[in-house]
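Asks: Please build the complete structure, drawing on both the sequences and the hints.
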Amino acid sequence: MNMNRIGFHYFPDCQHYQQSDLDAWLPRLKDLGAGWLVLDTPVARALPENFLQRLLEADIEPILRCQFSPVSPPSLEEFSLLLGVYARWGIKYIVLFDRPNLRRTWSGASWAQSDLVERFLDLFLPWGEACSKAGLTPIFPPLEPGGDYWDTSFLKAALEGMSRRGHQSLLDTLVVGAYAWANDQPLDYGIGGPERWPGAQPYITPTGEQDQRGFRIFDWYQAIIESVLLESRLIFLFGLGNPGDSEGTLQIARLLAGEEIEGVAATPDAVLGGAFWLLSAPEGSEHAPRAWYPPNGEAAPVVEAMLQWQASNPKNASPTPGESRPISHYVLLPTYDWGIPDYPLDALRPYIKSHKPTLGFSLEEAAKARRVTVIGSEGVYPEEVLRQLRSNGCIVERIDATADGTTLASRLTRLS
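Note that my numbering has the sequence shown beginning at 8, numbered continuously upward.
Any given hint might turn out to be false.
[Unchecked claim] Here are the simulated distance ranges between beta carbons: (1) PRO389 / SER82: 44 to 52 Å; (2) ILE211 / ALA119: 19 to 27 Å; (3) ASP349 / GLY386: 16 to 24 Å; (4) HIS294 / SER384: 39 to 47 Å; (5) PRO302 / GLY199: 24 to 32 Å; (6) HIS294 / GLY215: 22 to 30 Å; (7) GLU233 / TRP316: 30 to 38 Å; (8) ARG394 / ARG61: 26 to 34 Å; (9) GLU216 / GLY265: 54 to 62 Å; (10) SER319 / ALA51: 16 to 24 Å.
Since the hints were made in silico from the structure, they are not lab data. Even for Gly, the Cβ is constructed at its ideal location relative to N, Cα and C.
Replies: Below is the structure:
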């Protein structure tokens, strides 16, 4: 089971980052098999280093979520200092902005102006480049499914704009965020994306057709990504599940973990992970009814369902602190019948000198690593190999060995 893809949104505020908070919540996160934790992040100060380090030591990957307004964003110059600090502490992923395709995200005047996507890119690109320069991987903000500006149209225009403006290095490493709310639809709603449902168009979903507004939103987003960039990108899913629907939420967890259920295919390898909404919320919060652990202290039924499922699958058990993986980052190099090519090693030489990853050709060794970067196409290392590594708890990314040296090194750097 690939429990590294299961995560949670933490609190819907920036007020619960004390040592006592982590003492209370870290055991519960480990019991739930969390591999990711989305943290709402202030812009005027850094989150406590010890809070983040303890998450990383527990093999829980933090995702910093910066929900500042596109109308009045903070000073990039000041926040850039924090980006460097976070990178030194081992943080890798950061979400910039949130749902820019909604009218309420903007002021009335700014929403009414033309070229909304281009104006958003004017804001996003400097921030994205600053993150990349600091060594962080920016996540393109999840859009409201449907939304006031149709999300698939917004995403396509944004990717085209980034490509047209020449931000290829940013596009090479960009992760795309998506709100994968089921919206009371079955989990196979929209499966197959626009290829299977060609009649669905922006703002119009004819009777008998299905669209992206469900859990399978990633099928639609990946189709858009591939149509613009001619290759796939990693996607991270936000806002998953409903603690009031234990069965449906558990099915999402099983799909993320690589299971196929009731004819619904498991989530593809391009889905980096997913975060369930919401671990907890303070008393009086509008989000409290959807918390797995409401402020009254009584866990929602979905918690027991998740714990029982994990108990029935021994591979789901989270490692204890003494069971940390002996290898931090393993680069699995390609090998062919005729021998070992020089190109990947030549392209990786500067990266190897700087970051000193473990290199090799052994799947057995790679399975002992926290992160594995597979260098080679599906013809060299089939998807089944990646699934085996993920089932062993590794976070896995593939990079085609034919990528140019700059692209290959830059993608690896984002994982370091």
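Asks: Are any of the numbered hints broken by this structure? If so, which, sorted upward?
Replies: 5, 6, 9, 10
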